[in-house]
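Visitor: Start from the sequences and build out the full structure, keeping to the hints where you can.
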Amino acid sequence: MDRCGSSHPTRAWHRRAKSTALSTWAFLAGLIHAQLARTAVGDLVVDLHADPADLRNPLARALRDPSLSLAYWLPQFGSWADQDGKPVDLPTDRRRVTPIERNGAHAAVLIHHPALRDEPELLDSVVAAAAMTLETGRLQAELHATVAELRASRERVLDAGQKERQRLERDLHDGAQQRLVALSLSLGVLQTKLGADPDALVELTQARAQIAVSLAELRDVARGLHPAVLSAHGLDVALESLAAHAPLPVRLSVNVDRRVADAVEVAAYYVVCESLTNIGKHADARSATVNVAWANGEIVVEVVDDGRGGADSERGSGLRGLADRVEALGGRLCIWTSRDGTRVRAELPCA
Amino acid sequence: MRVAIAEDSVLLREGLARLLADAGFDVVARCADTDELRQALGGDMPEVVIIDIRLPPTHTDEGLQAALEIRSAYPGTGVLVLSQYVEFGLAMKLLADSAEGVGYLLKDRVSDIPEFLGAVRRVAAGGSAIDPTIVSTLLSRRRSDDPLAPLTRREREVLELMAAGNSNQGIADHLVITVRAVEKYVSSIFDKLALPATGSESRRVLAVLLFLRT
Numbered sequence: 019m020d021r022c023g024s025s026h027p028t029r030a031w032h033r034r035a036k037s038t039a040l041s042t043w044a045f046l047a048g049l050i051h052a053q054l055a056r057t058a059v060g061d062l063v064v065d066l067h068a069d070p071a072d073l074r075n076p077l078a079r080a081l082r083d084p085s086l087s088l089a090y091w092l093p094q095f096g097s098w099a100d101q102d103g104k105p106v107d108l109p110t111d112r113r114r115v116t117p118i119e120r121n122g123a124h125a126a127v128l129i130h131h132p133a134l135r136d137e138p139e140l141l142d143s144v145v146a147a148a149a150m151t152l153e154t155g156r157l158q159a160e161l162h163a164t165v166a167e168l169r170a171s172r173e174r175v176l177d178a179g180q181k182e183r184q185r186l187e188r189d190l191h192d193g194a195q196q197r198l199v200a201l202s203l204s205l206g207v208l209q210t211k212l213g214a215d216p217d218a219l220v221e222l223t224q225a226r227a228q229i230a231v232s233l234a235e236l237r238d239v240a241r242g243l244h245p246a247v248l249s250a251h252g253l254d255v256a257l258e259s260l261a262a263h264a265p266l267p268v269r270l271s272v273n274v275d276r277r278v279a280d281a282v283e284v285a286a287y288y289v290v291c292e293s294l295t296n297i298g299k300h301a302d303a304r305s306a307t308v309n310v311a312w313a314n315g316e317i318v319v320e321v322v323d324d325g326r327g328g329a330d331s332e333r334g335s336g337l338r339g340l341a342d343r344v345e346a347l348g349g350r351l352c353i354w355t356s357r358d359g360t361r362v363r364a365e366l367p368c369a
Numbered sequence: 065m066r067v068a069i070a071e072d073s074v075l076l077r078e079g080l081a082r083l084l085a086d087a088g089f090d091v092v093a094r095c096a097d098t099d100e101l102r103q104a105l106g107g108d109m110p111e112v113v114i115i116d117i118r119l120p121p122t123h124t125d126e127g128l129q130a131a132l133e134i135r136s137a138y139p140g141t142g143v144l145v146l147s148q149y150v151e152f153g154l155a156m157k158l159l160a161d162s163a164e165g166v167g168y169l170l171k172d173r174v175s176d177i178p179e180f181l182g183a184v185r186r187v188a189a190g191g192s193a194i195d196p197t198i199v200s201t202l203l204s205r206r207r208s209d210d211p212l213a214p215l216t217r218r219e220r221e222v223l224e225l226m227a228a229g230n231s232n233q234g235i236a237d238h239l240v241i242t243v244r245a246v247e248k249y250v251s252s253i254f255d256k257l258a259l260p261a262t263g264s265e266s267r268r269v270l271a272v273l274l275f276l277r278t
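Going down the list, the protein sequences come from chains A and B.
19 is the number of the first residue of the first sequence in this note's numbering; add one for each residue after it.
65 is the number of the first residue of the second sequence in this note's numbering; add one for each residue after it.
Calculated directly from the structure, the hints in this document are not laboratory data.
Incorrect hints may appear among the rest.
Below, a list of computed lysine to any residue pairs in the SDA-like style, where the Cα atoms sit at most 25 Å apart [unchecked claim]: (1) B:K256 <-> B:M156; (2) A:K299 <-> A:G339; (3) A:K181 <-> A:E365; (4) A:K299 <-> B:M109; (5) B:K157 <-> B:E100; (6) B:K157 <-> A:Y287; (7) A:K211 <-> B:E179; (8) A:K181 <-> B:L84; (9) A:K299 <-> B:A213; (10) A:K299 <-> A:D330; (11) A:K181 <-> B:P121; (12) B:K157 <-> B:A213; (13) A:K211 <-> B:A81; (14) A:K211 <-> B:A213; (15) B:K248 <-> B:N232; (16) A:K211 <-> B:I177; (17) A:K104 <-> A:E167; (18) B:K157 <-> A:A250; (19) B:K157 <-> A:D330; (20) A:K211 <-> B:A87; (21) B:K256 <-> A:R269; (22) A:K211 <-> B:P178; (23) A:K211 <-> A:Q228; (24) A:K104 <-> A:R120; (25) B:K157 <-> A:R241.
Guide: Here it is, written out as structure tokens:
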């Protein structure tokens, strides 16, 4: 027997005829088969036993309402949510909503065609048959929602940290660094006007040298806080500089024809930066290849070396940190390592 | 010699202007952002424009964009870009296919006045001034197959000064040797690295940087 129903009324239902009158008629016509409805409840029990995770489809079949949806009450979030834990707004038309309670409290609602109101027995028996499984579904929805919430909060923490580092870099640039350059310029001018006093000249030269050292140190601190070149000029320019600084020859290819979210650019940059640093420190490699490309809504970063392998994201805190950064953006970091070298691959969604 | 300045830090802008005026330059514009610079550059172009790479409103790439615009619209005007950081990637973008009339220096360099003025004059005259840290970073990379291995210590020094945009005379002054000796070193370097002779002093800057990048 075809439980979905391939008879004429249900096909009309599927097409979602715009005329409510017509669809209501079609629905009632479907319910004429009372025997069919009773069997549907029996089938529902079988279906739920087979796959307790899929609740909506068996319920839709049993109630012969393809538009049916489920919403679970998540007390922790104070909201209704679908099977995946995503928030759901209940329809204002109360005839479309059948609440399901458990231990005297909200557990879930069925959102259905208003005509089902005329079939309270069918609704009751279907709801009773599904009650146990509904609680499992609700817990699942709650779990999904909790995971989503955790992911979002991890993203927010990372983002706030990044913004703060960016602000500090900017403050250093516009404050201390700028003033030191101006001071150093004044000393330079003074030096040209000083004439031939050798002692004074030595002292001035020393003072300028000290400022130069301070500026170099500040530059390192600032660069460590945030790679300004990245936010200003994008991945290709920033990675070209990284490759030029790398302790070994790097073949670099960047195919990213657009700017993407700051967090994604920063993550891609650090994947390359950290990988090249690791290669320089541990891999004993002769060369490395860096490929960065945008395709199908994600940026894929690959860093490959021909060294002796041994990279491990669980031991090195650097790689673990990278994995955290990538995963917080919903991406994946994979590392393959053998005696012929190491491949680090990060996939960063940037939709 | 006419010069325009675009720098948002008042201290530095006025310091630079005074320094250049004292050295006999005619400072025709002192601008705090690229809008002011564009207005100032409407008529008679100066020989050289000095631009801070980070300028308002976003302090990201406004200075670089202005530098690139001037380079393409007014090839006769030299552009000297100043920055708190020098980035190899940006040097490559700025040079694109020619190092003629372009400079890219750390802001710190302004304090060595004779050297800095030399760089401004060189860029104004169509030469180049590339920050020595760019070249020294490229040279300091530890590599198993060092392509610079055949060079003598002296030749490396000459290479470094050459890549920074110095003329043969400039290199001779730095190393306290004769121009003739510099010429010999230069031709020996080009031979050993199998680089095609370029003739022009700014064209060899790009050739050496591209060679060092690989």
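Visitor: It remains to establish, for every hint, whether it holds in the given structure.
Guide: Hints, verified against the model:
1. B:K256 <-> B:M156: holds, 24 Å
2. A:K299 <-> A:G339: Holds. A:K299 to A:G339 sits at ~17 Å (cutoff 25 Å).
3. A:K181 <-> A:E365: Holds, at about 22 Å.
4. A:K299 <-> B:M109: violated, 51 Å
5. B:K157 <-> B:E100: Cα-Cα ~24 Å, so holds.
6. B:K157 <-> A:Y287: With a Cα-Cα distance of about 19 Å, the restraint between B:K157 and A:Y287 holds, given a limit of 25 Å.
7. A:K211 <-> B:E179: It holds: about 16 Å lies between the C-alpha atoms, which stays within 25 Å.
8. A:K181 <-> B:L84: Violated, because 38 Å separates the two Cα atoms, which is more than 25 Å.
9. A:K299 <-> B:A213: holds, 22 Å
10. A:K299 <-> A:D330: Roughly 14 Å separates the two Cα atoms, so the pair holds.
11. A:K181 <-> B:P121: holds, 18 Å
12. B:K157 <-> B:A213: violated, 28 Å
13. A:K211 <-> B:A81: holds, 16 Å
14. A:K211 <-> B:A213: Answer violated: A:K211 to B:A213 is near 44 Å, above 25 Å.
15. B:K248 <-> B:N232: The given pair, whose Cα atoms are some 10 Å apart, holds under the 25 Å limit.
16. A:K211 <-> B:I177: Holds. A:K211 to B:I177 sits at ~11 Å (cutoff 25 Å).
17. A:K104 <-> A:E167: Roughly 10 Å between the alpha carbons, so the hint for A:K104 and A:E167 holds.
18. B:K157 <-> A:A250: Answer holds: B:K157 to A:A250 is near 13 Å, not above 25 Å.
19. B:K157 <-> A:D330: violated, 36 Å
20. A:K211 <-> B:A87: This hinted pair holds, its Cα atoms lying about 12 Å apart.
21. B:K256 <-> A:R269: holds, 23 Å
22. A:K211 <-> B:P178: Distance ~12 Å between A:K211 and B:P178 Cα, so the pair holds.
23. A:K211 <-> A:Q228: Roughly 20 Å separates the two Cα atoms, so the pair holds.
24. A:K104 <-> A:R120: Cα-Cα ~21 Å, so holds.
25. B:K157 <-> A:R241: Holds - the C-alpha atoms of A:R241 and B:K157 are around 20 Å apart, at most 25 Å.
Hint compliance for this structure: hints 4, 8, 12, 14, 19 are not met, and every other hint is.
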